[in-house]
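Asker: Listed below are the residues making up each chain.
Protein chains: 2
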Amino acid sequence: MKAWENNIRKIVPYTPGEQPDSPNMIKLNTNENPYPPALGVQKAIREFQMERLKLYPDPTSNLLVKALADYYKLEENQVFVGVGSDDVLAMAFMTFFNSDKPILFPDITYSFYDVWADLFRIPYVRPALDVDFRIKKEDYYRENGGIVIANPNAPTSIYEDVNFIRDIVEHNQESIVIVDEAYIDFGGKSSLELIKEFDNLLVVQTFSKSRSMAGMRIGYAMGNPALIKAINDVKYSYNSYTMNQTSLYYGVEAVKDETYFKETLEKIITTREWVKEELKKLEFSFPDSKTNFIFASHKFIPAAEIFNALREENIFVRYFNKPGINNYLRITIGTDEEMKQLLKALEQIINRI
Amino acid sequence: MKAWENNIRKIVPYTPGEQPDSPNMIKLNTNENPYPPALGVQKAIREFQMERLKLYPDPTSNLLVKALADYYKLEENQVFVGVGSDDVLAMAFMTFFNSDKPILFPDITYSFYDVWADLFRIPYVRPALDVDFRIKKEDYYRENGGIVIANPNAPTSIYEDVNFIRDIVEHNQESIVIVDEAYIDFGGKSSLELIKEFDNLLVVQTFSKSRSMAGMRIGYAMGNPALIKAINDVKYSYNSYTMNQTSLYYGVEAVKDETYFKETLEKIITTREWVKEELKKLEFSFPDSKTNFIFASHKFIPAAEIFNALREENIFVRYFNKPGINNYLRITIGTDEEMKQLLKALEQIINRI
Chain G
1 MKAWENNIRK
11 IVPYTPGEQP
21 DSPNMIKLNT
31 NENPYPPALG
41 VQKAIREFQM
51 ERLKLYPDPT
61 SNLLVKALAD
71 YYKLEENQVF
81 VGVGSDDVLA
91 MAFMTFFNSD
101 KPILFPDITY
111 SFYDVWADLF
121 RIPYVRPALD
131 VDFRIKKEDY
141 YRENGGIVIA
151 NPNAPTSIYE
161 DVNFIRDIVE
171 HNQESIVIVD
181 EAYIDFGGKS
191 SLELIKEFDN
201 LLVVQTFSKS
211 RSMAGMRIGY
221 AMGNPALIKA
231 INDVKYSYNS
241 YTMNQTSLYY
251 GVEAVKDETY
261 FKETLEKIIT
271 TREWVKEELK
281 KLEFSFPDSK
291 TNFIFASHKF
301 IPAAEIFNAL
311 REENIFVRYF
321 NKPGINNYLR
331 ITIGTDEEMK
341 QLLKALEQII
351 NRI
Chain Y
1 MKAWENNIRK
11 IVPYTPGEQP
21 DSPNMIKLNT
31 NENPYPPALG
41 VQKAIREFQM
51 ERLKLYPDPT
61 SNLLVKALAD
71 YYKLEENQVF
81 VGVGSDDVLA
91 MAFMTFFNSD
101 KPILFPDITY
111 SFYDVWADLF
121 RIPYVRPALD
131 VDFRIKKEDY
141 YRENGGIVIA
151 NPNAPTSIYE
161 DVNFIRDIVE
171 HNQESIVIVD
181 EAYIDFGGKS
191 SLELIKEFDN
201 LLVVQTFSKS
211 RSMAGMRIGY
221 AMGNPALIKA
231 INDVKYSYNS
241 YTMNQTSLYY
251 GVEAVKDETY
261 FKETLEKIIT
271 TREWVKEELK
281 KLEFSFPDSK
291 TNFIFASHKF
301 IPAAEIFNAL
311 REENIFVRYF
321 NKPGINNYLR
331 ITIGTDEEMK
341 QLLKALEQII
351 NRI
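Listed in order, the protein sequences are those of chains G and Y.
Take the first sequence: its letter number 338 is residue 338 in the UniProt record's numbering, and every next letter is one higher.
Take the second sequence: its letter number 47 is residue 47 in the UniProt record's numbering, and every next letter is one higher.
Please keep in mind that the hints were generated in silico from the structure rather than gathered at the bench.
Check each hint, because a few of them may be wrong.
You can't tell identical chains apart in this list, so a pair holds if it fits in one copy or across any two.
Unchecked claim - The calculated lysine-lysine pairs, modelled on DSSO-like cross-linking and capped at a C-alpha distance of 27 Å, are:
hint, residue 1, residue 2
1, K2, K196
2, K276, K10
3, K299, K344
4, K2, K229
5, K299, K340
6, K267, K2
7, K137, K262
8, K10, K101
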């Protein structure tokens, strides 16, 4: 071993969902939206002035911050944007979790939280979900250096209401509470209204799911101006210009088109509710999803077997080989046609095995 | 003060150069390229398939990594890409500088190095440049936790040859040496050839200057596969998908067009050499720049005065109010027409004051 190797940060990297690119595949493995972005985005792409590319983007990302502030009826100093909600959350961990006390998040939740905590050497404790995969709010009444709750939670798909979040924040006014609402638009109600009451609450959302823009890498955080200033200070100290010119221009158009946004959500929710009924008929069980995915387990057939059998049919879903959830599949809601093909394949697999 | 405020990371944020957006301004303050990106980029913009935006980008950024590997005749596992060289350098600091010993970089250099060191709580020592703003290589023969050298250095514009860098790396085989070559294409020779000899050397470059793409945020690092794997592991643990779909597609086109790239560089170098002569006539002195900017001081008139007078003419240059360099202006090389207007304005200011 070379001497310099001792200076390398030791980490176990996060494993992102695979990004297969096979023709005619059905891709239901990373919770992308099956519908394209709003039409205004198409226009922004066509009309984009190449000359802009030679200039640094606005480091304050004001175009996009303003569009989001207008949309959510906030002040601009209450909104922070980053390169996907992963970038926003990573910076939030670095900015807000600098206590010697452990931060708290559920044992089953977005699998990036412990990776960030390890990366930034933040101590953490992971209270267990209950047997129905629900978060026990009492577990978050203890002393801590910060709290992160995904709501709806992933990969469980379970949504808790605003009073549940309020209760956790009320019990934790000495630390910063982050609510990760990546999936909130698919049937939940945002805790955003609570930022008026609680200046220690940060609400994080993303363009990757409900706004059909996983490929643009846009996420955002909303909270009181002191929190937003703190995270912006860290952002300016890490990379002053994180949002490229296309993200700013295309992103704004995605926010503007409320009608298309609502229509797309409605379509996905309708598909989801229909797929739930069909999965029940095939003897799958699952928590009642308020997200764009279903976290399902079959009565007889191990999830790993179904996962592999689906791959052979060129259908990709997500399987986590982790204790407690290793008999579940996380299935993204695609178009009706894609889900029909999935259901047909599942039926054949079940009958065959 | 609220209890949670104690958990916020304390930092003095980096101050990026202002990004004025005034009509008819002459913007020579952030070392952008005055020429647009290669024509292939225009085509990539027009032909970009909006459908791509709903899908996560390839987390390995393979399209772009491959294009760079081909261009520099490297293997793909020797190339890392990030959101501008700032992102690449920030991740490199986080990945490679985890020693208790201080890292070393010059007292006058890219002003982000100490910001990153502070952000990641890395100890550092800053050896002073000599009276001619040159790096003294003997200062880098001491024990350290890593080394960062900008070559050409900024804002001094001075280039040191490959043997100079080789000497520093040879004396430091126990720590990782980063050479930040943001400006290398404007007349220097890259130290890239040294990565064959030294597995502890990382060479960082950017699309923001020579490739006219500051607005796209693309930077890259080249080094031995062990270094590239280590920084990729940190990247995947921070944000798996940093490069958005447009960066990948537009970026590749900028790499492909070698002819345009060389023509643009030639134009900027020609303009720079002419501007040097004109500035001398106006009694400015400056190190011999091998970058796309000139770091100039006037014989009689304080830099701050000239800076403000130019602003009134809607001409923006960069002024650093820091000890040792507070009588210098950093002037980006623009088009011939822009530089003519600058020189005319300087002449008037000098005659007036």
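Asker: Confirm or reject each hint.
Answerer: Each hint tested on the structure:
Within a single copy, K2 and K196 get their C-alpha atoms only as close as 53 Å, which misses the 27 Å cut-off; across copies the closest is 16 Å, which meets it. Within a single copy, K276 and K10 get their C-alpha atoms no closer than 42 Å, and across copies no closer than 48 Å, so neither meets the 27 Å cut-off. Only within a single protomer do K299 and K344 lie at most 27 Å apart by alpha-carbon distance; the minimum there is 18 Å, versus 81 Å between protomers. Taking identical chains as interchangeable, the C-alpha atoms of K2 and K229 lie at most 27 Å apart only when they sit on different chains, with a minimum of 15 Å there against 41 Å within one chain.
For a Cα distance limit of 27 Å, the shortest separation of K299 from K340 inside one copy, 21 Å, qualifies, whereas the shortest one across copies, 78 Å, does not. Taking the shortest Cα distances, K267 and K2 never come within 27 Å of each other, neither inside one copy (56 Å) nor across copies (44 Å). When the C-alpha separation of K137 and K262 is checked against a cutoff of 27 Å, the pair qualifies neither within a copy, at 31 Å, nor between copies, at 62 Å. Taking the closest pair of Cα atoms, K10 and K101 come within 27 Å of each other both inside a single copy (22 Å) and across two copies (17 Å).
Checked against the numbered hints given earlier, the structure breaks hints 2, 6, 7 and satisfies all the rest.
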